[in-house]
Amino acid sequence: MSKEKIVLCEDLADVMPPEYHELVESATFGNQDRGWKDIGSSKELIEQHSLCAGCPESIAFRYILASLPTPEDTVFVGSTGCTSLVFPHVAVHNIHSLFGNQNAVASGLKRTLKSRFPDVEKDVVVLAGDGATVDIGLDMTMQSWFRQEKFTTICFDNELYANTGGQESGLMQKGFVAKMAPKGKNFEKVRLAEIAREAGCAYVAVLTVSKPNRVEQAIKNAVLVAREVGPTFVQLYTPCILEIGKQSMEGLDEMKDAESIGGRFVQKEYITDEAQKLLDSIKEETKARKQAAKKPVNA
Amino acid sequence: MSHYEVKAGPEAFLPPAAASMGNVLPDPGEAHIGGKIVPEEEAYEKAARMVLGAKVPTIFPGPLVLWKWNDHVAEEAKAIRELALEAPMRIIPMADYRPKYPKINQEVEINPNHPNLTIWHNKIDVCIFFGVHCHMANLSLKMIRGGTNCYTIAMCAMAGDEDACLSFRDADLKMINKLKATIKKLKSEGVESQAEPFTQFVMGRSGTIVAPA
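Sequence order for the protein chains is A and B.
For the first sequence, my numbering assigns the number 110 to the initial residue and increments by one for each residue that follows.
For the second sequence, my numbering assigns the number 312 to the initial residue and increments by one for each residue that follows.
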């Protein structure tokens, strides 16, 4: 879908509920500089969410949706988990895949879109939890990286299976005791970012969602690098406050603790030389465009 | 397999899919009434009579006709509006397929995940689906048949919908106009609309501008 099609039929517009008028009038489709700062002043692409009160995943969704370079030409591929509860409320095309095969579905989708729309840049973004990405779907996840499929994989890492009651996942930290893992985990947290780097991802980022500007930059980098260079991966810490015994208001503090020095989620990035070159050139272009826009036009 | 008649409900909590009962879809130039394949002309007559005989006939336009995908769709939207005025019928949009929490405003919209709420609230006894994607139409039509007494008419742009009480296939601008013309013809022959007087609601950016009445 292109942004030109996000228009209501004139003859039936007056029966449409207000949120659709808002979507047409004040969403940021087509804005090259869209980002997290638009939240609150424009129509967001998430209508509501059905997650728990205070869930960091909900804020992660809002930042990601605000940061996509071209949401009208983006398709999400989701998987089973808390994230799949949100996709029905999102105004971006999305596909729910079987548990774990999201990267296989995304591979086919990306190739098909490339063939069907050769002149339009269609972005495919996988968004799944740690169970789907690392445990059940690790085969599909890694194979897509080995094949250098050009799409972005985002993992919402809450370090356990949250919506089934707190079972141990590969990304759970060693020793952690969860409701359904009473003896505590015996093994180290899987180092997925390093696996992604070694498996061929051109851009890898690990961070929490405590700082929206960082999330925006990571998502934009990942999507833009995936267009030109190769697979990209972003691992976002979105703690399940219920399963780690926190209150609704404590999600942000938990993320800040986890990203402080020595924490599990100190921000890190792995970027290949080719990807870095691309990001530098995009940065230069953006800077030049903004400077040109500021210059007064001589009459 | 025995003929399964698709009629207005309430049929059961989980009515069977008509296809699973052996009902087949019409070929081009045909339609089905209650699951029985008939010539398209017969279906126009039946649909028009059902609309005119209803107390609260309503059109549910879906996303395929609410959004301006192209100029042809805009023409269809115009024709839908004209059909509603001719009958007269209410228009209540199926604006979205996404579930809405805590619940939809059933006075002014219908949602495929619980279409019965809108039908019950507005006491709709005949409805026309237009521009609703097949899978969502199937879901809604079955739920409506299961829990309400509403007679459903599907103007399907594809091969028809076996779960509607009456379904056209290959529906387009011409077919909307043909249904409108059939209603007009019946009215000129003395068939009066039984629709209760109503005010079509109007929505705007800030909410309801003209409330339904």
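A hint or two may mislead.
To be verified - Capping the alpha-carbon separation at 27 Å, the derived lysine-lysine pairs in DSS-like fashion look like this:
| id | chain 1 | residue 1 | chain 2 | residue 2 |
| --- | --- | --- | --- | --- |
| 1 | A | K152 | B | K411 |
| 2 | B | K485 | B | K357 |
| 3 | A | K152 | B | K414 |
| 4 | A | K288 | A | K298 |
| 5 | A | K283 | A | K294 |
| 6 | B | K498 | A | K114 |
| 7 | B | K434 | A | K114 |
| 8 | A | K396 | A | K386 |
| 9 | A | K355 | A | K288 |
| 10 | A | K114 | B | K485 |
| 11 | B | K495 | B | K347 |
| 12 | A | K320 | A | K396 |
| 13 | A | K377 | A | K396 |
| 14 | B | K434 | B | K498 |
| 15 | B | K496 | B | K347 |
Since the hints were derived computationally from the structure, they do not count as laboratory data.
In this text, all values refer to a predicted model and were calculated from it rather than measured experimentally.
task: Identify every previously stated hint that the structure contradicts and give their numbers, smallest first.
output: 6 and 7
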